[in-house]
Amino acid sequence: MTLEATRLDATLEALADPVRRRTIELLGVRPHRAGELADKLDVTPSVMSKHLRVLRHHGLVSETHPPFDARVRIYALDPAPIADLRAWLNTAERGWAEQLDAFRDHLDEHR
Amino acid sequence: MNATPAETFRAFTEDIGRWWRPNGLFQFSEGRNGTLAFETGSNRHLVETYDDGTAFIIGPVRVWDPPRRLVVGWRHATFTADQDAELHVRFDPVDGQTRVTVEHFGWDTIPADHAARHGIELATFQLRYAQWWQTLLQTLDAHRPN
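The listed protein sequences correspond, in order, to chains A and B.
Just so we're aligned: 28 in the working numbering is position 28 of the first sequence, and the numbers increase by one with no gaps anywhere.
Position in the second sequence (first residue = 1) + 1000 = the working numbering.
Among the hints, a few may not be true.
Cβ-to-Cβ under 8 Å is the rule here; a few derived chain B residues that face chain A [as the list claims (entries may be wrong)]:
hint : residue
1    : Thr1008
2    : Asp1015
3    : Arg1021
4    : Val1061
Not everything, but these chain B residues come out facing chain A in the computed CB check (under 7 Å) [claimed, not checked]:
hint : residue
5    : Met1001
6    : Ala1003
7    : Ala1011
8    : Val1102
9    : Phe1105
Per label pair, the in silico range of CB-to-CB distance [what the hints assert, rightly or not]:
hint : chain 1 : residue 1 : chain 2 : residue 2 : range
10   : A       : Gly59     : B       : Phe1105   : 29 to 35 Å
11   : A       : Glu25     : B       : Pro1060   : 38 to 44 Å
12   : B       : His1088   : A       : Ala80     : 33 to 39 Å
13   : A       : Ala87     : B       : Arg1032   : 37 to 43 Å
14   : B       : His1088   : A       : Arg86     : 20 to 26 Å
15   : B       : Arg1032   : A       : Trp96     : 17 to 23 Å
16   : A       : Asp108    : B       : Glu1030   : 31 to 37 Å
The hints are simulated quantities; they were obtained by calculation from the structure and are not laboratory data.
Here a beta-carbon is modelled for each residue, glycine too, at the ideal position from N, C-alpha and C.
Work out the full structure, taking the sequences as your base and the hints as a guide.
Written out as C-alpha cells, the structure is:
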C-alpha cells in the first residue's frame, strides 16, 4: 500500500465517528480550546480528550497553547489531510468525467 | 455536446459500445472488460458482452424517454441481490447544443464493511465512500467563513 493510501485510510478512520466529524467542522470555523469543544459537543472532558487524541494522532488537528498559559491547549485544523481527501475524491469522480469526454469526442467525430 | 438532444440521446445509447472507455472504476465483472450495448426491443437492458461470447446484464432500462431522459439499473457482478446503483441521464437543449447530466445514485446501499469484507472491488468501495465524504466536505465548506 502506498504512503498516500495509508494516510487516506488514517484520515477516513479518524473521521469515522460523529463526534470527531463535528469537531472537524467546528475547527474548520476557528481554533477552539478543548473545554469549548466539549461544551459545544455535549461530551465530558475525558471523552473529548480521547477524540482529540485520535484526531491529533492521525494528523488532522494540531495542538498549541497561548504564550501566557502553557496549561491551556488550543486545537486547530491541519488542512493537509483534508486536502488529500479532496484530491482523492476528485479522482473517484473523474470516472464519469472521462466517460463524458470520450462521449463528446465520439459525437464530434461521428455526427 | 455539440449536437441536438435527439442526436445525443441516439449516440449515447446506440453507440455506447464505441465511446465507452472501460476502466477500473466501472469494471462490471472483475478482471475483464467487454463491450457495452443497450439491447433493442421493449424489454431493454444495458449489457456487457465479452470476447468468449458470455454477457453480464448491468441493469434494466427503467426509463426510456428519448430525447430527454434515461434511467438504467446498475450492478457490478460482486453486488448482492439487494444492491443496485441507478444511473440517471438527462439531455437538455442549451443554445442548439445539449447538456448531458449524469447522476449516479445508490452507492450508499453498499455498506462499507460489507465492501471491505466480501471482496467488492476497490473502485466500487471508493465510489460508495466518495458520495459519503462529498457530503461531509460540503458541510465543511458551508461552515467555513470566507
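Inset, instruction - Hint says 33 to 39 Å; check whether the CB-CB distance for His1088 (chain B) and Ala80 (chain A) agrees. - result: holds, 35 Å
Inset, instruction - Mind checking the hinted window 31 to 37 Å against the Cβ distance between Asp108 (chain A) and Glu1030 (chain B)? - result: Holds: the Cβ-Cβ distance is about 33 Å, inside 31 to 37 Å.
Legend entry - Hinted contact Ala1011 (chain B) with chain A - closest CB pair below 7 Å: Ala1011 (chain B) check passes; min Cβ-Cβ to chain A is 5 Å, inside 7 Å.
Inset, instruction - Could you check if Asp1015 (chain B) really has its C-beta closer than 8 Å to a C-beta on chain A? - result: holds, 6 Å
Legend entry - Range hint compliance [Cβ, Gly59 (chain A) to Phe1105 (chain B), 29 to 35 Å]: holds, 33 Å
Legend entry - Status of the Met1001 (chain B) interface restraint (C-beta, 7 Å, chain A): The hint holds - Met1001 (chain B) has a Cβ within 7 Å of chain A, the shortest such distance being about 5 Å.
Inset, instruction - Using 7 Å as the Cβ threshold, decide whether Phe1105 (chain B) counts as touching chain A. - result: violated, 13 Å
Inset, instruction - For the hint on Val1102 (chain B), just tell me whether its beta-carbon gets within less than 7 Å of chain A. - result: holds, 5 Å
Legend entry - Thr1008 (chain B) as an interface hint toward chain A, with CB separation required under 8 Å: holds, 7 Å
Inset, instruction - With a cut-off of 7 Å on the beta carbons, see whether Ala1003 (chain B) makes it to chain A. - result: holds, 5 Å
Inset, instruction - Could you tell me whether the CB distance from Glu25 (chain A) to Pro1060 (chain B) stays inside 38 to 44 Å? - result: holds, 40 Å
Inset, instruction - Return the status of the interface hint for Val1061 (chain B): holds when the least beta-carbon distance to chain A is below 8 Å, violated otherwise. - result: It is violated, given that the least Cβ distance between Val1061 (chain B) and chain A is near 18 Å, above 8 Å.
Violated hints, in rising order: 4, 9 and 13; the structure is consistent with all others.
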